[in-house]
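Novice: One-letter residues, chain by chain:
2 protein chains.
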Amino acid sequence: MIKHNSYFDEKVQSLGFEGKTQPVSVGVMEAGEYRFGTEAAERMQVITGALVVLLPGSSDWQRFSAGQSFDVPANSAFDLKVEETSAYACFYG
Amino acid sequence: MIKHNSYFDEKVQSLGFEGKTQPVSVGVMEAGEYRFGTEAAERMQVITGALVVLLPGSSDWQRFSAGQSFDVPANSAFDLKVEETSAYACFYG
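Chains as they are written, first to last, in the numbering used here: chain U, 844 to 936; chain S, 844 to 936.
Read the hints as simulated data drawn from the structure, not as lab findings.
Glycine included, every Cβ here is placed at the ideal spot set by N, Cα and C.
Hints may be right or wrong, so weigh each one.
To be verified - Derived pair list, reagent style EDC-like, types lysine to aspartate or glutamate, alpha-carbon separation capped at 16 Å: (1) LYS863/S - GLU861/U; (2) LYS924/U - ASP903/U; (3) LYS846/U - ASP852/S; (4) LYS846/U - GLU853/S; (5) LYS854/S - GLU861/U; (6) LYS863/U - GLU873/S; (7) LYS846/U - GLU873/S; (8) LYS863/S - GLU926/U.
Unchecked claim - Chain S stretches covered by chain U per the calculated footprint, using a threshold of three residues with CB under 8 Å from any CB of chain U: (9) 864–875; (10) 883–894; (11) 918–932.
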């Protein structure tokens, strides 16, 4: 089953599903600034556009572009700046 | 604006948006067999899982896995077999 989720006034939307080995979602973020909490650890992969990320424990914003990915620990939170509408995939656990 | 689309009894869902240079959608397909028509030409990129595709004018099914992509001409149709829930990005025009 595919689950459609909508956050931040529909400016972030995702489609979640059970992948072969782990839960996965693909999604789109419009330009904006967002803060997300994690339960499971997750790896985010940028598909189009770019995500500028402040990872937990870091004081430096890092830019990730199409094809790049970054890891976020479980039970944490991270901040994102999105300058153009961007697509991502997220792999949990 | 992000547009949520649902096809084939919700077994295929996508999120469409205007990318920097062209319209884009990211989506998920559950296991099944589907036939899609195109208006604009499109490039499909597999994000997770695999798509087995019969392209227009071809008599051979081809398998595309995560990271691979294929092109579909405008105003045509193509058949897909999906063996496990798979995610894709589609770039139009």
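Novice: For each hint, tell me whether it holds in the structure or not.
Specialist: Verification of the hints:
no. : hint                : result
1   : LYS863/S - GLU861/U : violated (30 Å)
2   : LYS924/U - ASP903/U : holds (13 Å)
3   : LYS846/U - ASP852/S : holds (13 Å)
4   : LYS846/U - GLU853/S : holds (9 Å)
5   : LYS854/S - GLU861/U : holds (13 Å)
6   : LYS863/U - GLU873/S : holds (12 Å)
7   : LYS846/U - GLU873/S : holds (11 Å)
8   : LYS863/S - GLU926/U : holds (11 Å)
9   : 864–875             : holds (count 5)
10  : 883–894             : holds (count 4)
11  : 918–932             : holds (count 4)
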